[in-house]
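Chains D and G, in that order, are what the protein sequence lines are.
Going by the numbering used here, the residue at position 397 of the first sequence is 794; the numbering climbs one at a time, nothing skipped.
Going by the numbering used here, the residue at position 46 of the second sequence is 57; the numbering climbs one at a time, nothing skipped.
If you are wondering where the hints come from, they were derived from the structure by calculation, not from laboratory data.
Heads up, some of the hints might be wrong.
[Unchecked claim] With a straight-line cut-off of 20 Å between C-alpha atoms, the simulated SDA-like cross-links for lysine to any residue are:
id: 1; chain 1: G; residue 1: 79; chain 2: D; residue 2: 408
id: 2; chain 1: D; residue 1: 1116; chain 2: D; residue 2: 1082
id: 3; chain 1: D; residue 1: 410; chain 2: G; residue 2: 80
id: 4; chain 1: D; residue 1: 964; chain 2: D; residue 2: 692
id: 5; chain 1: G; residue 1: 79; chain 2: D; residue 2: 1220
id: 6; chain 1: D; residue 1: 436; chain 2: G; residue 2: 54
id: 7; chain 1: G; residue 1: 79; chain 2: D; residue 2: 945
id: 8; chain 1: D; residue 1: 415; chain 2: G; residue 2: 52
id: 9; chain 1: D; residue 1: 453; chain 2: G; residue 2: 62
id: 10; chain 1: D; residue 1: 410; chain 2: G; residue 2: 71
id: 11; chain 1: D; residue 1: 945; chain 2: D; residue 2: 1275
id: 12; chain 1: D; residue 1: 436; chain 2: G; residue 2: 71
[What the hints assert, rightly or not] Across the chosen pairs, the derived CB separations fall in these ranges:
id: 13; chain 1: G; residue 1: 89; chain 2: D; residue 2: 410; range: 37 to 45 Å
id: 14; chain 1: D; residue 1: 482; chain 2: G; residue 2: 111; range: 44 to 52 Å
id: 15; chain 1: G; residue 1: 27; chain 2: D; residue 2: 479; range: 48 to 56 Å
id: 16; chain 1: D; residue 1: 807; chain 2: G; residue 2: 113; range: 42 to 50 Å
id: 17; chain 1: G; residue 1: 53; chain 2: D; residue 2: 883; range: 54 to 62 Å
id: 18; chain 1: D; residue 1: 807; chain 2: G; residue 2: 63; range: 18 to 26 Å
id: 19; chain 1: D; residue 1: 806; chain 2: G; residue 2: 26; range: 30 to 38 Å
id: 20; chain 1: D; residue 1: 413; chain 2: G; residue 2: 63; range: 53 to 61 Å
id: 21; chain 1: D; residue 1: 806; chain 2: G; residue 2: 53; range: 14 to 22 Å
id: 22; chain 1: G; residue 1: 26; chain 2: D; residue 2: 811; range: 25 to 33 Å
Here the structure is a predicted model, which means the values were calculated and not measured.
Cβ atoms here follow ideal geometry from the backbone N, Cα and C, with glycine treated the same way.
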Amino acid sequence: MTPGTHEFLARIKSLFGKRRMDREMAEELEFHQTLLREKFERQGMPPAAAAQAARKTFGNTSRWHERLREQWQFKPLETFVRDLTFAARAHKKSPGFLAVALLTLALGVGANTAVFSMINALLLRPLSVPHSEQLAILSMEDGGPQPKYVFCTPFFRGLEKRRDIFANVFAYNPDVMPVQGRSGNENIHGMLVSGQFFTALQTTPRMGRYLTPADDQSGGNPDGLAVVISESFWESWFDRAPDVVGRELIIANVPFTVVGVMPKQFIGADPTQKPDVFVPLSADPIIDSPRNHIDAGIHAWWINVMARLQPGVSLQQANAALLTVSSPILHEATSDVSYLASEEKGHFRFAAESGSRGFTYARLLFRKPLLAMFSMCGGILLLACLNLTSLLMARAAARERELATRLALGATRRDLIQQLLMESLLIAIAGTALGLVLAPIVSHSVTTMLTRGNIATGAALDTSLDIRVFLFAALLAITATILIGLLPALQVTGGNLNEHIKEGQHPNKALERHKLLPRVLMASEVALALLLVTGAGLLTTSLVRLYKSGAGLDPTGLVNITFSMDKQQIEGDQLMQLYQQLGDGLSHQPGVKSASFEFIIPLSHRGWNDGFSAPGGNSHLLWLNSVGPRYFETMRIPLFAGREFMWSDTKASGPKIILNQSAAKLLFPDRDALGQQVISKFEKTAYEVVAVVGDAKYRDMRSPAPAAGYVPIMQDPQKKPSLTAVLRVEGPQAPLANAARTLAARLAPTIPPPVFSTMDEIVNNSIGAERMMASLALFFAACALLVTAIGLYGTLAYTTARRTNEIGIRMALGAQRSRVMAMIFRQNAVIAIIGSAAGLIAAVLASRALASFLYETSPRDPWVFVGSVAALTAIASAASLLPALRAARIEPSAAIRCE
Amino acid sequence: MFREENTAPGELIPGTLEMLILKSVARGPLHGYAVAEWIHQTSQQLLKVEEGALYPALHRLELRGLLKAEWGASENNRRAKFYQLTPEGKKRLEGESQRWTRLSAAIAFVMQAS
């Protein structure tokens, strides 16, 4: 053992048994003194003189003792413990300050951690597969503004065949699949995966085998169709039966054989999906019947494609290799001359980018809102820190005498700074811990608000706290400590503290006036608060305008029930009769006022369009929907002219169409559209316009209502359309879900249970990101106002309390109470004005970043700016009034005597 | 611990105290007073160890594991803390005394040069 380690261990040991060591040291020194005294006595001194001489030789016992003790001490640790207990005691003395500090910090840290954990889940966390850094996302560039990530089958198969560029190329498509359970079909989240999917992701199955290229053939491998299931599905569906491999699973009414079970951590290549069944890509005609994305060739864009790089091959090399194969694959895929020409004009090429974090469409969608939220959260945390700094600084100023005394008693400046930092460290750690408790709650609710209705069904963000989130939180705590503690500590221990002892309660006026730092801090706090309030004001105004703009239909009391009819036997007019029966059954439920059917639920981000023209006129793009009788009455879309569709509008009675106002004006600018003919661009079918209705929004709330046309469901070109029943309901809506299920089970036993949703939900989901941003921003703005008010009040109250004596003298000399009040009030007013001005400039510059989130609202909306300044002024005045009033109530005689 | 400027007779040359202490306990365990006495006597009353320096040095050596301390009975049956060499201490003493021999010889050469 080296002397160093021996020393370390001995010191650790000495931490325990301190008493005994002290006693032994005293005894050892005592023994030495005794021997000295005896020696002097032996030399002939009288006992009293000998004792005195021994003491003299020996010197100050307690000092040697102290020195010995120091030698054994574990100095840093002991100072740490001492500072810690002292800091805890200091905090206990001011519980109000502590509560404010903890709450503001917890809020800042909680919000930041919550948003960071979402950013982590969506943008940072790598896939949990071996060597995820070798994965690449493939895309196509053809001169458009962004690369395209959704492939068609021929392009993918062309890439998959070329084994020289990548180790593996694979494709997948998340899908909801009807799986036959004990009580009919159930919708299960699944994934269609190509042959090399599992090979590329290199995860060993928990049981059995995974799918291989041999399974990815039309009709499956020679033994039939294979399926791999997830561990959670194995548990819920098969009760973890050990003999699950080899069992049959009926998907989309076709038998598949379970060949393997994937372990729990395996979720595939899309971090927002948790598929339960993995089905070969070639089974698409079965799963998605009656659609067939494979035979549709270059007309069906439906899969995401990724690849695993060969070891030692860089992305650049892969990209170079992709460039050489792009054109050949394009030509293999199609002979459509006009398509080829347009792609070649855009310099069509495949590209690869890093795919270690997998691919999800949600990333493209939520990157910007998340980063905007992150900066808002950062703002609130900075505000909380600034506020605490100001408060601590004011408090430290009040503690100057205590610190000066300690300095005079031999503490070094470093000791004091260390001590003050310890106090802020305690606050930071406790606040961070509290924030970490809050974070999952916040991130959970924010995630649900964001993802509902916006990403494909079954999407979920895993926002669990992992090591990266904890590191982030620790970083926040450390930064907060330094931000909060260092400035006040430096400020208060700088300067000549001895002056303070001499001066007592009479603060040096010159010194006080020149304390610029606290004012700068408070002013920047005001500016930051104004920035947050303005941002919140803009987002809220935009949201209110979005709501007010309306959808063109009345969503309240509107219920959607979607039936999946694509996998049952009947079609055509027979199916229409079934729908008519379902509609009749539903409209007789209690509370249902009217019922109809539609193909596309408005505002659900789905769409269908075609070009139409008036005879002899230009072709215009119309967004289409097929709807049932009484549709406009049910949706409360005004019917301006003509009539609703009727069940008798069958294919035999000739094509009919209803136009909305915009479409009618577009196609027939100079005459009445009713009774006219419109001709579709491709099929050249002539439709008779039977009505003109009000405009309604189509794909989402943000885009204005487009020109639209409605065709009767009875004339729908699809053989087996899956329609949604829309019900206008008064009273409770929940019982309808059950009623619809029993009705469907009676009339169409082979279809999966119908899906229930309300139109209000869909409207809210359609503007989920806007709603979430506005509500978060409002919440943060309210917090910012509150925090600023506390800061302005706290610092002013501290400084005023320290000027009690001076104010007393002023009053004794004849100053009026109103002037004293004005004097105190003015202190904060100056800060508030300077802060607001700075904040206003910053807001004008920064609000442009919000422009892309705003709906019909200018990022420099003057009313919002005026309102924000007014709100801040009101809060600042309220916070400054109380200390000013208190100062005005000072009794001069008492104040002067209080020294 | 030692004031450089104060080089009156009886003071120790800086840095030699630890070596002298190690040497003093080389023949067997001693308590603090006996260490001081032994150095004083053996040096023909030329060297005097200050108590204020002695105990910190003893404790430092103990802390570093060069000395081992045990409580025992003194000559006149009082409880006293006895220090003895550990194997590490012994090694250190050998090293130090070799270094000292070389050093003092070197200084002697220099000082005797004419």
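Supplied distance hint 54 to 62 Å, evaluated on CB atoms of residue 53 of chain G and residue 883 of chain D: Once the Cβ atoms are compared, 56 Å apart, the range 54 to 62 Å for residue 883 of chain D and residue 53 of chain G holds.
Given pair status - residue 408 of chain D, residue 79 of chain G, alpha carbons within 20 Å: Distance ~15 Å between residue 79 of chain G and residue 408 of chain D Cα, so the pair holds.
Outcome for the supplied range 53 to 61 Å, where the beta carbon pair is residue 413 of chain D and residue 63 of chain G: violated, 28 Å
Straight-line alpha-carbon gap residue 964 of chain D to residue 692 of chain D, limit 20 Å: Judged against 20 Å, a Cα distance of about 19 Å means the pair holds.
Pairwise hint evaluation, residue 945 of chain D against residue 79 of chain G, where the allowed Cα distance is 20 Å at most: violated, 87 Å
Distance restraint hint 44 to 52 Å, applied to the beta-carbon atoms of residue 482 of chain D and residue 111 of chain G: Given about 47 Å between the Cβ atoms, the range holds.
Agreement of residue 436 of chain D and residue 71 of chain G with the hint, judged by alpha carbon distance not exceeding 20 Å: Violated. Residue 436 of chain D to residue 71 of chain G sits at ~27 Å, over the 20 Å cutoff.
Cβ distance range 18 to 26 Å for residue 807 of chain D and residue 63 of chain G, holds or violated: holds, 20 Å
Given hint residue 52 of chain G paired with residue 415 of chain D - CA-CA distance at most 20 Å: Violated, at about 35 Å.
Hint consistency between residue 79 of chain G and residue 1220 of chain D [alpha-carbon to alpha-carbon, up to 20 Å]: violated, 71 Å
Hint check for residue 479 of chain D and residue 27 of chain G - Cβ pair distance inside 48 to 56 Å: violated, 36 Å
Holds or violated: residue 410 of chain D to residue 80 of chain G, with C-alpha atoms at most 20 Å apart: holds, 15 Å
The structure fails to meet hints 5, 7, 8, 11, 12, 13, 15, 20, 21 from the earlier list, while all remaining hints are met.
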